[in-house]
Amino acid sequence: MNGPQDLGGQMGFGPVAPERNEPYFHADWEKRALGVTLSCGAFGAWNIDESRHMRESLHPADYYASSYYEIWIKALERLLERHGFVSGVEREAGHSLGKGAEPKRVLKAADVAVVLAKGGPCDRRVAAAPKFKAGDTVRTKVFNPQGHTRLPRYARGKIGRIDAVREGYVFPDTNAHHRGEQQQWVYTVVFDGPEIWGAGSDPTLTVSIDAWESYLEGV
Amino acid sequence: MAHKHHTHHGHHTHDGHDNHLDPMAARVKALETILTEKGLIDPAAIDVIVDTYENKVGPKNGAKVVAKAWTDPEFADWLKKDATAAIASLGFTGRQGEHMQAVFNTPGQHNLVVCTLCSCYPWTVLGLPPVWYKAPPYRSRAVIDPRSVLEEFGLSLSPEIHIRVWDSTAELRYLVVPMRPEGTEGLSEEQLAELVSRDSMIGTAIVERPR
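Keeping their order, the protein sequence lines are chains A and B. With the first sequence counted from 1, adding 67 to any position gets you this note's numbering. With the second sequence counted from 1, adding 3 to any position gets you this note's numbering.
No lab work stands behind these hints, which were simulated from the structure alone. Watch out, some of these pointers could steer you wrong.
The list that follows gives simulated cross-link-like pairs (lysine-lysine, DSS-like), each with its CA atoms no further than 30 Å apart [as the list claims (entries may be wrong)]:
{"#": "1", "chain 1": "B", "residue 1": "Lys41", "chain 2": "B", "residue 2": "Lys63"}
{"#": "2", "chain 1": "A", "residue 1": "Lys198", "chain 2": "A", "residue 2": "Lys208"}
{"#": "3", "chain 1": "A", "residue 1": "Lys171", "chain 2": "B", "residue 2": "Lys32"}
{"#": "4", "chain 1": "B", "residue 1": "Lys41", "chain 2": "A", "residue 2": "Lys141"}
{"#": "5", "chain 1": "B", "residue 1": "Lys84", "chain 2": "A", "residue 2": "Lys200"}
{"#": "6", "chain 1": "B", "residue 1": "Lys32", "chain 2": "A", "residue 2": "Lys175"}
{"#": "7", "chain 1": "A", "residue 1": "Lys166", "chain 2": "B", "residue 2": "Lys63"}
{"#": "8", "chain 1": "B", "residue 1": "Lys63", "chain 2": "A", "residue 2": "Lys175"}
{"#": "9", "chain 1": "B", "residue 1": "Lys84", "chain 2": "A", "residue 2": "Lys175"}
{"#": "10", "chain 1": "A", "residue 1": "Lys171", "chain 2": "A", "residue 2": "Lys141"}
{"#": "11", "chain 1": "A", "residue 1": "Lys175", "chain 2": "A", "residue 2": "Lys141"}
{"#": "12", "chain 1": "B", "residue 1": "Lys83", "chain 2": "A", "residue 2": "Lys141"}
{"#": "13", "chain 1": "B", "residue 1": "Lys83", "chain 2": "A", "residue 2": "Lys225"}
Some chain B residues well away from chain A (every beta-carbon gap over 12 Å; in silico) [as the list claims (entries may be wrong)]:
{"#": "14", "residue": "Asp45"}
{"#": "15", "residue": "Arg142"}
{"#": "16", "residue": "Glu197"}
{"#": "17", "residue": "Ala208"}
{"#": "18", "residue": "Arg212"}
Covered stretches of chain A, as calculated for chain B (at least 3 residues, CB under 8 Å) [unchecked claim]:
{"#": "19", "region": "102-111"}
{"#": "20", "region": "160-166"}
Even glycine gets a Cβ: it sits at the ideal position worked out from N, Cα and C.
Extracted from the complex, chain B is given alone in its bound form (with noise of 0.2 Å):
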């Protein structure tokens, strides 16, 4: 399924008209047509939802979880026993981030997150999944070895590092929370925000120090 999107790339991105429709344009367009002559769907309602998954809600609200955290040791704890209320304190509820657990990396512990059953993700901290989250390379292979996954990723943890793999395979939606950094002492919480990855909340990726 990555591979489709990645061979597909070029020409979605220059044919994003409607004079050339391919399959699926012309599939969900019908859709859309057919619901919309039948009082079923509000097209604006497309928009805003498009708008607010493509503007609004993204990993920027995971990445202030996380700097908070790092910064707030109280804040951390709630975080710890209760992620939902800890989470929904910063304004961030909602679908697929109804439950949410909170789980942090230590020196002797990385934490990866899949959904080997479909693509169940924390949409309220970190937005739309990427497309390898939801195709059968990742999903199928972080169960069973993911260290080759991470290196991948440009990862390489090493050996007596454990890892534990969370799949999502409930409601409960999982954040990874990663390590703090040395060297960040001196940085706020917003300037410790801009370093926390998507990736680092998702378990594919650490949080580097600033060079």
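Just chain A, same shape as in the assembly (with noise of 0.2 Å):
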């Protein structure tokens, strides 16, 4: 979706002000809302294209006036009542009124470890060979979907190559709305500048993507 996330070329955003010595988390909240987060994940009810995708769907005003932790805990909230874990009642009241759905799993502390070290990886095998090879000339397309996708809007319809083909991914476009893994070769496509932002621009600069093949097409 052309939502408050796709923030590629956007302007008036102002300097990036890094922090020196920066700590990791700013709050004690922040804390737990990152080990809420990761702990509901493990449920297994969501996955991670519809946890991105609930985050995009914020209001745009709401995105840009939150921080990161604040985002990832409003979508979570939006998650766990779409999914039956936790209704707005609950959150109202500060506490349980009763049992909602079933998790498939409960992440308990002496498992975080090897959960942690495995991860989500979401390589899959694609029965078809790949469509692009390493060099080929292919162009974005163009759309505009009301659901979620990965290819940003300053890279749609645009000229670019294949600098290298990566394996099968899981299909966000699909797999956020419970549609399948759908999974495609991945291609990391790369694109001068000049030809996303125009005559002017910086004439040193590349700016790379990486597409799944339904974002292609050969030129």
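Fit the two chains together into the complex; they arrive one by one in their own frames, and the hints show the way.
Okay, structure coming up:
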């Protein structure tokens, strides 16, 4: 979706302002936010693509006014409600008001190290051979889906070249909406700066994205 | 978003107690309470997660990878071809590092990593991302005007050096391998790792010659 998350090339946000010796957390609640978010991810009720889509579905004014952990928590509340784990009434009350949905698993302290070390690989076998090879010229498609996609607006309808053929990855555009993993080949596609940003832009700049095969067409 | 953090920074650091909960602290506390009452989360598991990312996983991991690549050409070659396996051989695997790609700076090309769409970042080698990496100024400008972004980090690249920006739009996570500075010939792998900053592995810094 053309949501607030799609930031590449937007203007007006000001300088980057890195913080010297920045701590990992700026408040204790951020620690709990990280832990609660990861623990709820372990339920197995949603996948990373659905949670990303929930975050980018926040109202743009809310998204831009929120720190990243705030975005996580606001999206998590909605995920927990959508999947029947915690209702809005319960959040209001601050307490459980009865049994909700059953998770596939509950993350216990003793299992955290193993679960984090394992991660959640998204590579899947794709039966068909890759359509493109390194060096091929391609054009990214132009589309504006209502749902989740990982093709940023700045890179739509642009001519680039295949820099590398990666692996078959789960397709976020369907997986975010529980329409299956539908794995596809993923490619690193590189664009010359002026192809994206126009005449007068930095000629020494190249920008690459990682693109699923269905985002691309041959030229 | 970064600004918000800076504005409230002093407040947060001096008020980490539960007796005056700000709205977000109260919101997270409520969620944790409800989930715990339902038996859906284990508060001790949260402690372990926080301890992992506060004390165990961080840019020291990535610095070890870089220092090894600088001193061991075979490892550097492996890192180029199969970063996931090469990095795993040092014991760094897992969440947000399942699929790794190392990109090597050269005299002619400087690499910079961003995630314009969210906050994708190689947790296994760099730990949790800094606030600026997740905030709109960096995410919006890194792809269109990286030179001015680098200036804000105090890095002035000469105009003939090409900049390659890697936008992490899929599940591949990028680690920049900075160039080894001159004057470090006598240093051990451990000493070299000390020189490698987090930012140099994102691409917002280079590794300076030690003074």
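A quick look at each hint next to the structure:
no.	hint	in the structure
1	Lys41(B) with Lys63(B)	38 Å, violated
2	Lys198(A) with Lys208(A)	15 Å, holds
3	Lys171(A) with Lys32(B)	24 Å, holds
4	Lys41(B) with Lys141(A)	20 Å, holds
5	Lys84(B) with Lys200(A)	17 Å, holds
6	Lys32(B) with Lys175(A)	19 Å, holds
7	Lys166(A) with Lys63(B)	43 Å, violated
8	Lys63(B) with Lys175(A)	27 Å, holds
9	Lys84(B) with Lys175(A)	36 Å, violated
10	Lys171(A) with Lys141(A)	23 Å, holds
11	Lys175(A) with Lys141(A)	24 Å, holds
12	Lys83(B) with Lys141(A)	39 Å, violated
13	Lys83(B) with Lys225(A)	28 Å, holds
14	Asp45	5 Å, violated
15	Arg142	4 Å, violated
16	Glu197	16 Å, holds
17	Ala208	10 Å, violated
18	Arg212	21 Å, holds
19	102-111	holds (count 6)
20	160-166	holds (count 4)
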